[in-house]
Structures are given as C-alpha cells and as structure tokens.
Amino acid sequence: MGVSAGFAVLAAFSLLAGLPEGVLALPLGPPWGAASLALDGLSAWFLLLLGMVGACTSLFALGAPPGPARSLPPFPLLLAGMALSLTAADAFLLLLGLGLAALAAGALVAVEHGQAEARMAARRHLILAALAAGCLMPACGLLAGPAGAYDFAAMRGVPPEGWRAGAVLALGMLGAGALAGQLPFAQGAAPGHAAALLSGAMPGLTIYVLARLLADLCGPAQPSWWGLPLLAAGAVSALLGALQALREEDGQSLLAWAGIGHLGLAVSGLGLALAFRGADLGALAGLAAGAALLQALGQGVFMALLVLAAGAVAHTAGSRKLDRLGGLIHAMPVTAACTLIGVLAASCLPPLSGFAGAWLLLQSVLAGWRVGFIGFQLAAAAATVLAALALALVAAAMLRLFGMAFLGRPRSPRGAGAHEVSRPERWAILLPAGLTLLLGLFPGVLLLLAEPALGVLTGRAAAPVRDLALLAGDRPAAYAPLVLALVLALSGGLLAWLLRRRSPLAAARGPAWDGGFIAPPDYLPFGDPLTQPSASGLAQPLRRMLGEPRAARLPSDSTPRLRDWLAGRVGWLPGLTARQGLSLGFGTLVLLLVLLLWPGGR
Amino acid sequence: MALLAGILTQLLHLALMLATAPLVLGVTRWLRARMLGRRGASPLQPFRDLDRLLRKRPVLAENASWLSEAAPQAGLVACMAAAALVPSFAGGMLLAPAGDLLVVVGLLAAARMALLLAALDVGTAFGGMGAARAMSIPVLAEPVLLLCAVSFAILAGTTNLDGIAAAFREGAPGLRLSLALAGAAMLVVALAANARRPVQGPGSLAEPAMLEEAMLLESSGRHLALWEYQSALRLTLWLSLLAALLLPYGMAPAGAGPFAWLLGLLAWAAKIGVLCLALTCFEGASARMRLFRLPGILGLALLLALLAAALLFLGTGPA
Amino acid sequence: MSLASLPQEIAHLPGCVMLLLSFLLLRQRREAAAIKALAAQGVMLALAAALQGWVQGAPQLLLVALIEVAGKLVLLPMALWALLRRSGPQPAAERAGDSGPHLIAGIALVALAVLLVQPITGPGQAVAREDLALSLAILLLGLLLMATRRGAIQRVSGLAGLENGAILAAVSAGGMPLLPALSLAGLALTGVVLAGAFLHRVPRLAHGGERG
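Protein chains in written order, with numbering that gives the first Met the number 0: chain W, 0 to 601; chain P, 0 to 318; chain U, 0 to 211.
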C-alpha cells in the first residue's frame, strides 16, 4: 500500500518538478548489456495512474477479509511487474515486467482453483499472455535494428521503414490486443482488489505499450496512414465492448467489457494522434494525444472504483449476478453513492472525468477531415458514428448495472441481507470517487502535467489548455468544467430557494402506485420477481432495435456451421440461380472497383 | 462595457428561457387542439398546472430512496445549465465561449440519466419498461447528432454554438445543400429527443405509447412539477438550438446595444412561433410509430447527415 | 476551399433525393411502395435534367427531361402495376432489424463511390466530383438492389435505378452528344426486361421462387 502511494507521489513530483535526464543503468541484466530504467513523460503519466489505482486497491485489500494465503504474495508482484514495465528503458525490462505482471495475474486468477471456471479462466489468461509475449518479442526484435541494441535510446536512432514498420504495427497491435483481451477473463475470477487493480491499470498498460512501441520508438517520420488501423481497431473494439456489456448479466463481466469499450476509445485517440502527426497537423495531434492520455487516466480511476464496489457488493450480498441483487441503496448508502459517481463518470457525463476525455476525443475526430485524404475523412466520419454509438451504449450498460444492483427492491433473500462494508473498505471506495470528481473538475491542470508525455507522443509539448479550460480548433470551442460546475451550483441554489418558498411541504410515504400495484402473495415474502425489470429485460428493447436475435448465439457453435456451409458450397457453380449469378457479377464489379482504388494501381 | 453587455444578455436570456418554457408548451398544445378542431386550453394553462402541482404534497413509494427526491432537482439543474449555454436572441453572452454543442448534448444526457435513475428507483414494472425504452432512443440519435456536428464543424470551423451562429449569420458558407441535409437530420433528432410524434405520443396513457409517462408514473406534487417543467424547458431549448443553428438571422451580434436586443427578441419569438407551428403541423400529419420502427427513421436521418458530410468532403478536396 | 455556387448546389438537390430514394428502395419490402418510390425517382431525374439544362444552357436536356417523365412516371409504373395485379397479393414480411446489413452495404457503396471520384482534377472539379459521386452511388445501389432481392419488381427497380444513375451522370457531365437517344435506349432496355417478365411464367417470377 505504501509502495503504490509512493509511486503516485514520485510520478506527480517528477511531472511537476521536471523529469530526471538520462537513464539509470542497473548493475544486472541480460547477457547483451545492462538493463536500464528511465522516467520520461509518458512513463511518469502512466506511473501516476498505476500509483493512484494501486493505492485505492491496497486500501481496500486492508479492509477486506483476507483470502487464502496463496492470494497474498502475487498482489505486490503484480504491482512490481507493472511498475517495472512502465519505467523500463530497454525492451528486455519491458517484456520482463509484462511477463511478471501476467504471471502474477494468473496466480491471482487461479486462487479459487477448486472451481472449474477459475481454472478455465486462468488457462485462457495464460494463453493470452503467451500470445502477447509472442507478438511483442518479435516486434521489439524488429525494432532493434541490425545492431541488435535493445535499449530505447538506440532504438529511436534506427526507425523502421517499409515492411518492417508495417510488421511492427501489426505485431504491436496484436500484442496489445492480447494484453487487453485478458481483462474479461481475469476480472471475473480474481479476488476483489486484484480485479480492481487489473481493470484499472491493465488498460493503461496496454495504451502505454502501444504508445511506446508505435508512437515513440518508431519515430515521427511515419506516414499518415499509420494511425488508420489503430483508429479502426479502437472504434470497432469500443463498439463491440459496449454491445457485449449490454448482454452480460454478471456485474464483473459487464464492467470488464465496458472497460474494453473505454479502452477502445483511448486507442482510437492514439490512432488519430499518429495520423495527425503524420500529416504535420501538430496542434490536432496534441489534441488527440491529450484525449488518449486523459481517457486512460480517467478510465483507470473510475473503473477501479466500480470494480471495487462490485466486489464489495458481491461479498455482502452474496452474488455477482444482477438478477439476484436489488435495492442495495438502502442497505449500503455510502457504496451506492460512490458507485453512482463512478457510473456517471463511466457514462461520460459532464462535469465528471469521463466527459473531459470524451470531449477531447470527439473534437479530434470531428477535426479528422483536415487531413485532406478523402479515405481518411470517410474513416473519421465512420469513427465518429462508432464512437458516439459506443458512448451511448456504455451509458446504457452502466445505467443497467446501477439500476439492477442498487435500485428497486431486493430480488433474492440473500440479497436482502446485505450490509454496509467495513470502514477501511469505505475509505477505499471514497478515495477514487473523490479522485474522479477532482479529475473531472481540473482536466486542464492534468493536461498541463501531461505536457512531457504529449511531447513524447507528438513531438511538441503544448497542451490544448488556456486558463484551466480545454480548447479545440482555430475559432476555439472550449470546455470549461469549472465554469460549468459554477453554473450548476448557482442553478441548484436558485432552484432550492424557489422550491423552499413555493413548495414547502415534505414528502409523504405511501405504497407504490404503478397504475395499480398490490402486495405480493404470502409465498413470495420478498416481492414478486416478475413485477421488477430483469437484467435481460432492461436491455431487450435496445438489443432488438439494433437487430440482434432474441437468443444470443455462442461463438463456439459457429465453427461447425461454418464447416457445413463450406462443404455445401462445393460444386455450386452449375446450379446458380439468376439472383446468385447477378450477385456474383456484382461482387466482381465491386472487387474491380476496389482494386482501382488500391494505391499504386493507377 | 462588453463584459457588462455580456452579463446583462446572459441574465436576460436565462430569465427568458425559464419564463417562456411553459408558454411554449402551452402554445404547442393550443395549436394542436385548434388543428384538431377543438377550442383548446389557454396557452397559459401550464403555468397554472405547475403552480397547482407545486402546492401539493408529494407522495413517495415506501421503498423509494433519496434518489427520488434528488433526481428531479438534479435533472432540472442540468437542463437549466444547458439552457444558459444555448444562444437565443443575442450573441456574445457571458457564457458564450463555454457554450459548445457537445457540452450541451452532454448536459442533456445528464438530465436524461437523472430521469432514468428516478424511473428505476421504486422497482416497478412500468418504470423499468419506460427506462428500457427511453435508453434506446439516445443510442440511435446521438450518432446522427455528431455527424451533423461534423458538417457544422466543416462549414463554420468550430462547434462553439455562438461561433456557428455567427458564421452562418454572416453568410460565409451561404445557402448550402449540405446545410439543408444536416438541418433536416437535426430536425429528426429533435423530434426523437423530445419524444414528440411520430417518435412517441406525449401525454398518452396507453401502454404501448408510454415512454415518459411510464417513467413519471410514481412522481407527484413538486417532483411531477419539476419533471414536467424540465420537459417544457427541453423543448424550448431544442427549438432555440435549431433556431440558432439553422435560422440565425436577426440575432443581435456581440456587443450591440439594447435596440439590437429588442430586435433579436422579436426575431427569436417569431422563429420559435414558426417552429412550433411547423412542429404541430408535422405532428398532426403523422401518426405515432411503433417503437421498433425507430431505427428506420433515425437511419434515414443518419443517411442524410452522412450524405451532407460526404458532399462537404468532396467539395473541400484538393483544389 | 472551393465550394460550388448556388445554382449548382440547387442542381445537386434532385440527385441527393434520388440517392435517398435508392436507399428507400433497398429497404422497402412492399411492392406497391417500391413502385411509388421508383416513380418518384424518375420525377427527380427529370427535374435534375431540367435544372442541369438551365444551369448549362443546353435545351436538349429539357427533351431528356420530357422523355424521362413520360417513361418513368407514366409507362413504367403502369407496366409494374399490371405485373403486380397479374401476380396477385403476396405476404409481406417486415422484421425490425432486417435491413441493417443492407443499409451498411449501401453506405459502404456510397463511400466507395466517393473514394473513386477523388482523383478528378481540373477546372470546376468540386462540382464534377460531387455529381459523379452521386451518379455512381445511385448506379451501385441499383446493382445491389438487383443482386440481393428476389422478385421481378425489385429486379426491374434495380435495373431502373441503374439506368437512372447512368443518365444522371450523362446529364451532369455536360456536352455529351445524343443524350435524348441515350435515355430512349435506356427506357427501351427496361421495357424489354419487363416484357420478358410478363411473358416468361409471370407467377413464379413475381413470387420470387427458388429459380430466381
């Protein structure tokens, strides 16, 4: 706990007071040279995130009832591994840190190894970790260049070109995707505080790895289309994460997929920053990079808050499934209030921390048309639509989580027996809630702190801030959260004064109306579950409108269907109907047109 | 001097929006009644309704939490903040630099979230059903709104509301097809966001038609008064937003004197009146759609906005 | 930014409405409404030809407009209504999320059209790009309609949409010879296909049987 708080303080100090120059060479290391640590702007920013999240989760762990002894050592190892990979100044330490973190996370996931689900989750986690290592090691190897130097300073001197650059892009994205893909599996099975650390810090680590490999080490001379795969992958993963969050009926899984949704938004911000940098639009690159950094920081804090609260709820109310919770706002008022702050922040509502990152991201994607290449303009328009869809879907998923778990009436006897969490756990949940409020009100200060990181990402250390308000564009559009908070407070005061004068009567209590609502029968002492919305019921109109079938098909039974379909397709050419012939001709035409578009095919 | 003018216009604007919100609602209802051949209640009726509701003692369900008390006020406060940011009769108000289209959309989303939370608080069937349906409308409407923002950003160079109004007023882009397309898409979004026909039928108590009424079924007294006032304020806000973005002529420019403000006020009243009339005519001519046909109409709006953006991309290509 | 002038902007409007009508045709499952949309598309094409004739100062485009009105507004709907009457009533199946993939395919085709016209340079290129993109998109959407729908009426709608796109491109390009002859030839092609649909086992085709 003290260690992680120490990280946070170190990172904040270094950002404020100036970064230490040069690298710290360690006396030990791999056979080809000494390992080295360094703290530049990018590392410091993410170390700040790790420190904050680590402090909150360690505090929670102090108050939570202790698990089995095997769950104690991996937690500091996880922290140490993440910190090591963040401060590494050569590829060996980076990969070592990532491997350490993955092993520790696997150990934490396998704590409950008596249960089959935990074992399967641990297996999947290790497979994904191996995939990540398998992708990142060749990427670092390709970056090392002909001299074989693995420290970052030497790598910056030989930026890759041509197919090597493309390979680094592909491998880096795959590796980062595998790192992020661990989240839904690990978060479900790990104990509460470890899950919170994973969900808070792992997305940050993913973005750090992407930023370090693609933005920093590959150098600023990459062409503009580099950002396009990142933008596309980020937007699509944001949408898919949000859609899956709507399907989940388990609180922790819902939060994991919503975390992936937010991570996708930050990754698309990073992609935009790369594209703008390649097109020499420095100010816009700073805007997009600032969006990615703010989103990463804000997401870490409010995701950790939500996962901690979900863990507390699971512990006291006895279940993680949304269909067995309900009415917890009466039994756990402090937790409910903090979760409400987290839910509002995750839905990206002003003036909380999620909105600042989302505003910057939307402004940079709205400015995507300035790149000039019409393919990129269309991609930016498509990314706008996907990002807006993802934001609205995440808000719907968060509302569903809070409404099912905390509002309404209890849905099961065990859920009705919940109680408030212990005092350290309460402080552990209040801390990130307060941080979310602070981060939301002062994004300008945060961006000024992030200027060294912006310098690493885009080459110019100028944050889009003026007088503590965020700015975007030439005839600048501004987001001033302090002004907004002031207006909200003044309006609230005015309204309260008016109401006290015109409507002084206090509220009376009576039975619920609902157009005619009677007491439940005797054999259902906790109320009839059919009179309350269920988890799938709340999401049903939305999913039906988005065109999903009533029963979600599992991906596991699509493979035999695919095989049967392929087998049926053999020998189909003579038996074509007219419609299929037309489709074939049409498809060929479209293919020819697309080939026309291929660069270099003119 | 400009600061004083800014403060005065801001206070006047806020008072104007807050005072005329029930009047706009009353005028819309009166026009619709006239169109249906009835005499209709006086346009001042919503004021009396709100007064009556405020005087009554609210009744809360036994298992309602502090959210049912706090959510109406929180939602109205968010709506008031959004109303302060949207320009009406004069540009260059005090809060104009902070008045961004995306911030207004965010504040309206916050107000809607307050309503949804209050609907789910008691845990009844109607509340859950209304919340589930109401959650799905912004998912389809916000992408359309953002694509329209793309067109506005290209044409006016900013998403600041004052900046867009000033750019369109001075006629820099002129009368453009993309503007018309994006404006048509925004009109559809406005219909969806305010739950007017053909998206939903306001005031109907038939179960398939209930959206907002289902969410308000448990509220009474001053809570109900606050929710109804919030929906009236939201309608006025949207009409003012449409007037500022699509018909910005007549707005007093920044730093003008009281005479220009008077002209701006008259122009604003005329624009809101015309928009109310257009809304009533459109509502009268269309029937309420099934909720699950909503993706169709919003998909059409998405196409309009996409076409507007694509035309602008083509037009601003390498010369 | 070199934006188009006001009369050229107005001349784009019927083209945009035609593109939206193509999307409507793509989603429409009821034949009667599809015929009305097709007729509306023909009217819009005539209007586009007339406006282009006014902007470019070419009187032969007015003749094209007249031919389009006669063909697309009068002859084609009459023939399609006759075909519909002969095939009798059909079950109309309308499901909520069905048109999603087709809509996305249509949007992708519009994006393809926009990307294809990008390298046009020269005097007046912004207007030419927009015109050509609209026509190409309408053409591609007509092809998509033909390829993905069963039933003779949808096929003919697709073919008519294809031909509308081609004539819109020809009309907006300016200076193309033999335009009235081109439009007559297009109408004749549609008429031949319709005659085939009438003669060749009408009930099976109109019901969209397995042989398509």
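Check each hint, because a few of them may be wrong.
[Stated by the list, open to error] Among the chain P residues that face chain W by a calculated CB cut under 10 Å, a handful are: (1) R28; (2) W29; (3) A32; (4) Q44; (5) R56; (6) A118; (7) L265; (8) A266; (9) T315.
Don't read these hints as lab results, they were simulated from the structure. In this text, a Cβ means the ideal position worked out from N, Cα and C, and glycines have one as well.
Checked hints:
no. : hint : result
1   : R28  : violated (23 Å)
2   : W29  : violated (25 Å)
3   : A32  : violated (26 Å)
4   : Q44  : violated (18 Å)
5   : R56  : holds (4 Å)
6   : A118 : holds (8 Å)
7   : L265 : violated (27 Å)
8   : A266 : violated (24 Å)
9   : T315 : holds (7 Å)
Hints 1, 2, 3, 4, 7, 8, counting from the list given before, are not met by this structure.
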